[in-house]
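Listed below, chain by chain, are the residues.
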Amino acid sequence: MIQPQTHLNVADNSGARELMCIRILGASNRRYAQIGDVIVAVIKEAVPNMPLEKSEVVRAVIVRTCKELKRNSGMIIRYDDNAAVVIDQEGNPKGTRIFWCNPPRIETIKFY
Amino acid sequence: MRLEKCWFCSSTVYPGHGIQYVRNDAKVFRFCRSKCHKNFKMKRNPRKVKWTKAYRRLNGKDMTQDATFEFERKRNRPERYDRSVTENTLKAIKKIDKVRVDREARHHSQRMKGKKAQVLREATKELEQSIHMVKAPAALQEDSSLTLPKIKVKVSQPTEDNRMLE
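As given, the protein sequences belong to chains A and B, one line each in that order.
Numbering-wise, UniProt numbering puts 106 at position 106 of the first sequence, and it's gapless, one number per residue.
Numbering-wise, UniProt numbering puts 120 at position 120 of the second sequence, and it's gapless, one number per residue.
Isolated chain B, as found in the complex:
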């Protein structure tokens, strides 16, 4: 029993799932579900279809090179059954998965970093400009809790610094 990868979306195909298509040049295409199979029949290129792993790896959305991927490489040598090896492998799989998931999360956060300031700016702008979508302008004037609070700076004596700030 072997867990294969779907040719289209690169997810694991478990036994009992999916279809294998054998082309006449003896190349085997494995699909995890009919969605991938149908996309393949439509001759779609997985590298251009946004939700596939191929696209994500190609466009830097997901990790491409990592030491944890080496463990999942396909080996064609059958291993002699050894109970302790099996036990250790199962433990290692868990650990490696955890490491890989952590690294992927880190990759994702790295990718999403640097957006906080922009998101904040956009939010304030939207709040200022489009608040009339939410509440009528008349209501706003009565109840000023919906607008952003204007920061009040106490100016006792207009010094040079204070004037620059305002």
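Isolated chain A, as found in the complex:
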């Protein structure tokens, strides 16, 4: 349940460390985002000397949430933190590595 003002960790090596969600894409008054949703975020904390800088507005896809994800199979998964991967307009990840395992649903959604 990510909403605007939510801080998210970044799970790739794009250069950002922490993002703050600004907007959830998909509908005009969409309230919450779950794993697999794309959000617009601003970079709150960045790794120095990388292409991404602080206060840059980027898009990201959510990969981990503390709120449980309910799958159609009945499986419910909950993570320990909220995390996202920075992507560009087409949906390609900006970083080259993604840290730690992600739920398989992400892989089927866009890029892999």
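To be clear, the hints were calculated from the coordinates, so they are not data collected in a lab.
This structure is a prediction, so every number in the text was calculated from the model and none was measured.
No false leads were mixed into what you were given.
Partner residues aside, some chain B positions facing chain A, computed with beta carbon under 10 Å: (1) M1; (2) P15; (3) G16; (4) H17; (5) G18; (6) I19; (7) Q20; (8) Y21; (9) V22; (10) R23; (11) N24; (12) D25; (13) V28; (14) H37.
From the three backbone atoms N, C-alpha and C, an ideal C-beta is built for every residue, glycine too.
Given the coordinates of chain A, assemble chain B onto it according to the supplied hints.
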């Protein structure tokens, strides 16, 4: 599809039940129901919580080592589907379950053995001492069926043995 074990109480988690919690060090905790999940969030140690399998095994209430447990070991090698193997496995599961349950029952009876005499002693004592909780002493004197029957030994001639018995 895989039947997992609940991390807290060690019962099987069937598909569609329970919650999986993935910690940031990639360790997955599976819970069979919210009771176990909530206990986990309270940071309770399952080895100290009386109703869990971990506690019971640790404190000798349940069987710990047995050959039947080997069959349930997790194997990470996928088996090639073979119909006869599946059939035999299903039959074997039934048989192994029966064997395991029998052994557990035997373990339990072994654990509970040796209490019969003590239970009997306690019961007689309670009956003698606390019968006034059940019936008024006056009523007892009239109707003596509630007290334990005193064993009457016929003494024709007081011999040495008889005197010792009384």
